[in-house]
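**Q** What follows is the residue order along each chain.
2 protein chains.
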Amino acid sequence: MRAPYGLNILDNCLTCPNRQDHIFCNLSLQAGQRLNEIKSTAVYPKGAMLFIEGQQPRGVFVLCSGKVKLSTTSREGKTIITKISDPGDILGLNAVISNHPYEVTSEMMEPGQANFIPRDSLLQLLREFPEAALRVAQQLSRNYYTAYEEIRTLGLATSPSEKFAKLLLSWSTKATQNDGSSQLRLTLTHEEIGEIIGTTRETVSRLFSEFRKKQLVQIKGATLVIRSRPALEKIVQS
Amino acid sequence: MRAPYGLNILDNCLTCPNRQDHIFCNLSLQAGQRLNEIKSTAVYPKGAMLFIEGQQPRGVFVLCSGKVKLSTTSREGKTIITKISDPGDILGLNAVISNHPYEVTSEMMEPGQANFIPRDSLLQLLREFPEAALRVAQQLSRNYYTAYEEIRTLGLATSPSEKFAKLLLSWSTKATQNDGSSQLRLTLTHEEIGEIIGTTRETVSRLFSEFRKKQLVQIKGATLVIRSRPALEKIVQS
DNA sequence: CCCCAAGGGTGATCCAGATCACACAGCCTC
DNA sequence: GAGGCTGTGTGATCTGGATCACCCTTGGGG
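Protein chains in written order, with the working numbering: chain H, 401 to 638; chain B, 401 to 638.
These are computed hints drawn from the structure, not numbers from a lab. Just so it is clear, the structure is predicted and the values come from calculations on it, not from any experiment. Think of the CB as a built atom: it goes at the ideal place given N, C-alpha and C, for glycine as much as any other residue. Hints are supplied without guarantee of correctness; some may be wrong.
[Unchecked claim] Pulled a few chain B residues facing chain H out of the computed Cβ check, cut under 10 Å: (1) A442; (2) L523; (3) F529; (4) S541; (5) R542; (6) N543; (7) Y548; (8) T558; (9) S561; (10) G598; (11) E602.
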């Protein structure tokens, strides 16, 4: 099946190749079947907003492919990115469960597919299948943990360089090579990195220079090589 | 029933006067009875640690009376207080559900009672009673919301005065009088307030002076009067 | 009664980053 | 190829709080 933006659509959760890896996709046969019925799938272009901070929750989106940027913005226009979501994540879950407005805005960073599940159908599913409710609780508590990581980073790490080092480390753990160094594609702008660690574009730029000079990282085009985890760890706890 | 520290012990959840108000205490008769069997109650002195950041989760504590300070500390010894918990809150829930170590330290700020529920018993209860699982999900998502508030405060509000104003506003909403002003008992030290908003003792001291001078607040002994919410709101979004 | 610890007030200094200001590179469209 | 737009690099300046230093009050215990 061919879709817009050159993506393959994954139409059936039960036969989805990623099923095993994703906490909520990997339900029992019964529940999975039910999930399949109540979801509706769609493909979104880069820049699409799945939902916007402050909206009343219509339902959740299970991300099948692509990356999503979750952010929150103050009235004065200052923005922080709280998370970059990967496939398998359930977006908007907290808002739906607690029936508060969405607390973040979610924007596609690249073309991707997501399954929408309306609020009522989801709640019905949860009442029917305790296993699903437990999964949801697990996902919520996982979300909570990342939120806490964020709090620790924002509240405890004082200097931008500390936070920056921390961020690089978290990236590097996701993609470490056998020789200890790690290599990854840099898809965020300096501005966006600034919004993650709570500093300005210029400071991020200067941090990159500084870290390059210190041989901590290396940049060729859009590829970032992290050369020395230990040195970064020393910066974090300094 | 008389207990240490001059507290009345609430021994039976089903007859507890606070039952209605507390999300997890107010279960159906069956589930409540079961809850009553698996819990063990205890009274703690001021300063007691219910659990400490990094410990493997043994179970949850349902706070019956007293106030609890939740905090996290960096290796260098910098501390932030992430929440002051009131009766009815379930402490350690996320750790228990996700089986990660406790992400915060919880310390009694005054003598109080808490019910302990061992991890296994709780999980068993959740499997047996879907309603309980849903309550837990709700509580988790509520926790998540307050965590997000914290993130917004730490990440978006740049200046200490903004954060301070925000904190005062949140206190004031909890205790607003009919005439618009609000009055509350100040139980935190300047140091602790600093740990909430991420600044130093001295700065908090100066902020109090400044706000007193501007007629925003008034202090007599341990009583804090918030005189003008609108003015505070203006500081927050300035 | 004195002492000491904990909490609070306030001045002086200093510096890391925010802010402002350019300059430049890549890439699109017309 | 000119213009415009987005993202980046890097100097110069300015400033809000952290930090240090000291003194004051309060209250409890020996």
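**Q** All the hints need checking, so say for each whether the structure fits it.
**A** Comparing the hints with the structure gives:
1. A442: Interface hint status for A442/B: violated (25 Å vs cutoff 10 Å).
2. L523: 9 Å, holds
3. F529: Holds: closest Cβ of chain H sits about 9 Å from F529/B, inside 10 Å.
4. S541: 4 Å, holds
5. R542: 6 Å, holds
6. N543: Check passed: Cβ of N543/B comes within 6 Å of chain H, closer than 10 Å.
7. Y548: Y548/B check passes; min Cβ-Cβ to chain H is 5 Å, inside 10 Å.
8. T558: 7 Å, holds
9. S561: 14 Å, violated
10. G598: Holds - the Cβ of G598/B comes within 10 Å of chain H, reaching about 5 Å at its closest.
11. E602: Violated, because the Cβ-Cβ distance from E602/B to chain H comes to roughly 16 Å (cut-off 10 Å).
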